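Asks: Just need the whole structure built from these sequences, with the hints factored in.
Protein chains: 2
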Amino acid sequence: MVTGIGDDCAVLRIPVGHELLVTTDFSIENVHFRRDCHPPELVGWRCLARGLSDIAAMGGEPRAAFLSLAVASDVQQQWVSGFLKGFLKLAKEFNVPLAGGDTAQSVAGIQADIIVLGSVPKGKAVLRSGAKPGDQIYVTGKLGAAAAILKNLQQSERGKSKRSRAKHVPVPIIRQLRPLPRLEIGRWLRERGMASAMIDLSDGLSTDLDHVCEESHVGAEIEAERIPRARLGSANFGSAKDGSAKNGSAKTSVALEFALHGGDDYELLFTSTDEVPSKVAGVQVTRIGRITKVLGMRLLSDGKAQRLKAGGWEHFTKQE
Amino acid sequence: MVTGIGDDCAVLRIPVGHELLVTTDFSIENVHFRRDCHPPELVGWRCLARGLSDIAAMGGEPRAAFLSLAVASDVQQQWVSGFLKGFLKLAKEFNVPLAGGDTAQSVAGIQADIIVLGSVPKGKAVLRSGAKPGDQIYVTGKLGAAAAILKNLQQSERGKSKRSRAKHVPVPIIRQLRPLPRLEIGRWLRERGMASAMIDLSDGLSTDLDHVCEESHVGAEIEAERIPRARLGSANFGSAKDGSAKNGSAKTSVALEFALHGGDDYELLFTSTDEVPSKVAGVQVTRIGRITKVLGMRLLSDGKAQRLKAGGWEHFTKQE
Numbered sequence: 001m002v003t004g005i006g007d008d009c010a011v012l013r014i015p016v017g018h019e020l021l022v023t024t025d026f027s028i029e030n031v032h033f034r035r036d037c038h039p040p041e042l043v044g045w046r047c048l049a050r051g052l053s054d055i056a057a058m059g060g061e062p063r064a065a066f067l068s069l070a071v072a073s074d075v076q077q078q079w080v081s082g083f084l085k086g087f088l089k090l091a092k093e094f095n096v097p098l099a100g101g102d103t104a105q106s107v108a109g110i111q112a113d114i115i116v117l118g119s120v121p122k123g124k125a126v127l128r129s130g131a132k133p134g135d136q137i138y139v140t141g142k143l144g145a146a147a148a149i150l151k152n153l154q155q156s157e158r159g160k161s162k163r164s165r166a167k168h169v170p171v172p173i174i175r176q177l178r179p180l181p182r183l184e185i186g187r188w189l190r191e192r193g194m195a196s197a198m199i200d201l202s203d204g205l206s207t208d209l210d211h212v213c214e215e216s217h218v219g220a221e222i223e224a225e226r227i228p229r230a231r232l233g234s235a236n237f238g239s240a241k242d243g244s245a246k247n248g249s250a251k252t253s254v255a256l257e258f259a260l261h262g263g264d265d266y267e268l269l270f271t272s273t274d275e276v277p278s279k280v281a282g283v284q285v286t287r288i289g290r291i292t293k294v295l296g297m298r299l300l301s302d303g304k305a306q307r308l309k310a311g312g313w314e315h316f317t318k319q320e
Numbered sequence: 001m002v003t004g005i006g007d008d009c010a011v012l013r014i015p016v017g018h019e020l021l022v023t024t025d026f027s028i029e030n031v032h033f034r035r036d037c038h039p040p041e042l043v044g045w046r047c048l049a050r051g052l053s054d055i056a057a058m059g060g061e062p063r064a065a066f067l068s069l070a071v072a073s074d075v076q077q078q079w080v081s082g083f084l085k086g087f088l089k090l091a092k093e094f095n096v097p098l099a100g101g102d103t104a105q106s107v108a109g110i111q112a113d114i115i116v117l118g119s120v121p122k123g124k125a126v127l128r129s130g131a132k133p134g135d136q137i138y139v140t141g142k143l144g145a146a147a148a149i150l151k152n153l154q155q156s157e158r159g160k161s162k163r164s165r166a167k168h169v170p171v172p173i174i175r176q177l178r179p180l181p182r183l184e185i186g187r188w189l190r191e192r193g194m195a196s197a198m199i200d201l202s203d204g205l206s207t208d209l210d211h212v213c214e215e216s217h218v219g220a221e222i223e224a225e226r227i228p229r230a231r232l233g234s235a236n237f238g239s240a241k242d243g244s245a246k247n248g249s250a251k252t253s254v255a256l257e258f259a260l261h262g263g264d265d266y267e268l269l270f271t272s273t274d275e276v277p278s279k280v281a282g283v284q285v286t287r288i289g290r291i292t293k294v295l296g297m298r299l300l301s302d303g304k305a306q307r308l309k310a311g312g313w314e315h316f317t318k319q320e
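Residue numbers (this note's numbering), protein chains in the order written: chain A, 1 to 320; chain B, 1 to 320.
Please keep in mind that the hints were generated in silico from the structure rather than gathered at the bench.
It should be emphasised that the depicted structure is a prediction, and the values quoted were computed from it without experimental measurement.
For glycine and all other residues, C-beta sits at the position ideal for the given N, C-alpha and C.
Any given hint could be a false lead.
Stated by the list, open to error - Lysine to any residue pairs mimicking SDA-like chemistry, simulated, CA-CA at most 20 Å apart: (1) B:K132 - B:P15; (2) B:K124 - A:G6; (3) A:K132 - A:T292; (4) B:K122 - A:P15; (5) A:K122 - B:P15; (6) B:K122 - A:V16; (7) B:K124 - B:E184; (8) A:K122 - B:H18; (9) B:K124 - A:T3; (10) A:K122 - B:G17; (11) B:K124 - B:G17.
Claimed, not checked - Chain B is nowhere near these chain A residues, computed Cβ spacing over 12 Å in every case: (12) L20; (13) Q76; (14) Q306.
Replies: Here it is as structure tokens:
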């Protein structure tokens, strides 16, 4: 399928009757990850996951990945090996060849640009623009873990000197940060023509739903109680006013704001006129609301409606 | 040809019976360019030129470009606009749509990753691996300008304080640094099946010829006097011992070492069993030597043969 690796270009064959899908994503040290707390395997894994998740959101099949990696001279070879190990582990999981890329010396820090090519039968790509009033809104999996963990890390570091900071994210939390791109569900929906619009949740539910509304020229209404929130142990990830923390239980649902505005979940959000099973390819699928003719987004909670705005995801900022 | 721009992925159609070509290239501030002396338009132009040149070296047609651009907060919007202006000017020249990419905030400096997709009829991509003993070696255009200009800039800066450095590369020199990727010649050769192997001269003649020799399991013999050297005015680009400087003339051929080892020329080197015209698509084509069964590279000069090694291109280093 891929030849010419190491030549001026890689040469790929795309199946007859397919269109090509292309996505690129930058992963930048101190913006998307931190060398002092994220293990390199996790950074490599997440770097590729971002691209695969975009292919999933089109209902596509990944065909090849390309990695452009710039690394400063103070970065140890061990870090780069770890990064590649995590990257290739995920690539193997989905049978995606690393078909090329570029390496360069960076002046400071680490910058990785991931390019994933995929394909989809002609005219069958699921776009953001197909949602119609009356369609139901669904999400896969559970939301908010990545944002809740990030916030927790930031809070636990506040007041600590740089030197005394925990060197790494604890192992049970790392598992939460190793998303499995929803390729199987995306394909399942596309094959059945069940998704009228689809997007991956990389910027956060409120922001990504807003993209679908804008592209489809529709509005949306979602029910706070229906949003599936991630459950985490070993730290205070809930919020007091939220009331979702179950006392005496080892795990706590993350606060609503993390599920609503937190990014980096890499789950899928899609709209459908059909009733979709509550489990597809072993993953939970939850109906959270519906598409409306009235523009804008509304959040229904305790029988009251409030206006919902794209909250979005804030990357690390320099002061940390 | 391209849809889905702004969606999770761009969706592209590749002509029936064609294979896909993919290339990625990082352009990094203070490694590949400097903000204080290279105008942003030139940086943007060269960024895309690197990718298009790789497509040319396969005999391909460019189909779409993707740009991932990370910019630090201290970089002015004017710089980014200038960069995009240069980038899009070259894209327009070859009718290549900018079909997507990613933007991010960088922690320091500017990092641009360019991805170019192209296509070529199935099985017709010209690889590096097809050179056979007895094939003639050809290059397009003239070589060494970029390396000679770089060296000259570095020398003229030595001893100057950072503050007093010339702010920009002089205009006549900029033209020399705005390469036109050899897409037309690459396609011309591929259509006629005239190139047995091809590569673009990005790392320098000696290094890139070495790649062809390695991939083709052959050796090469080139004649120093035949290598077409760029001619530059307004500075001392020759070398005294070289003897090529024409006194009293406004322009001087660059020293042999720049044509031989200097990078960033973005001309094509190819091998052929045929006699190739001395001009193709308005560009000079020069025979510089031949492929040999004996491995390794030899440089013939004044009737004597010496061993030639991959000299390569050194990027900016930090001390500058």
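Asks: Now, for every hint given, state plainly whether the structure supports it.
Replies: The hints, checked one at a time:
1. B:K132 - B:P15: violated (31 Å)
2. B:K124 - A:G6: Roughly 17 Å separates the two Cα atoms, so the pair holds.
3. A:K132 - A:T292: holds (8 Å)
4. B:K122 - A:P15: holds (12 Å)
5. A:K122 - B:P15: holds (12 Å)
6. B:K122 - A:V16: Distance ~12 Å between K122 (chain B) and V16 (chain A) Cα, so the pair holds.
7. B:K124 - B:E184: holds (16 Å)
8. A:K122 - B:H18: Satisfied, since the Cα-Cα distance of roughly 16 Å is no more than 20 Å.
9. B:K124 - A:T3: holds (12 Å)
10. A:K122 - B:G17: Distance of about 15 Å is within 20 Å: holds.
11. B:K124 - B:G17: Measuring from Cα to Cα gives roughly 11 Å; hence the hint holds.
12. L20: It is violated; L20 (chain A) is separated from chain B by about 4 Å at its closest Cβ, not greater than 12 Å.
13. Q76: holds (18 Å)
14. Q306: Given that every Cβ of chain B is farther than 12 Å from that of Q306 (chain A), nearest at about 28 Å, it holds.
This entry does not satisfy hints 1 and 12, going by the numbered hints stated previously.
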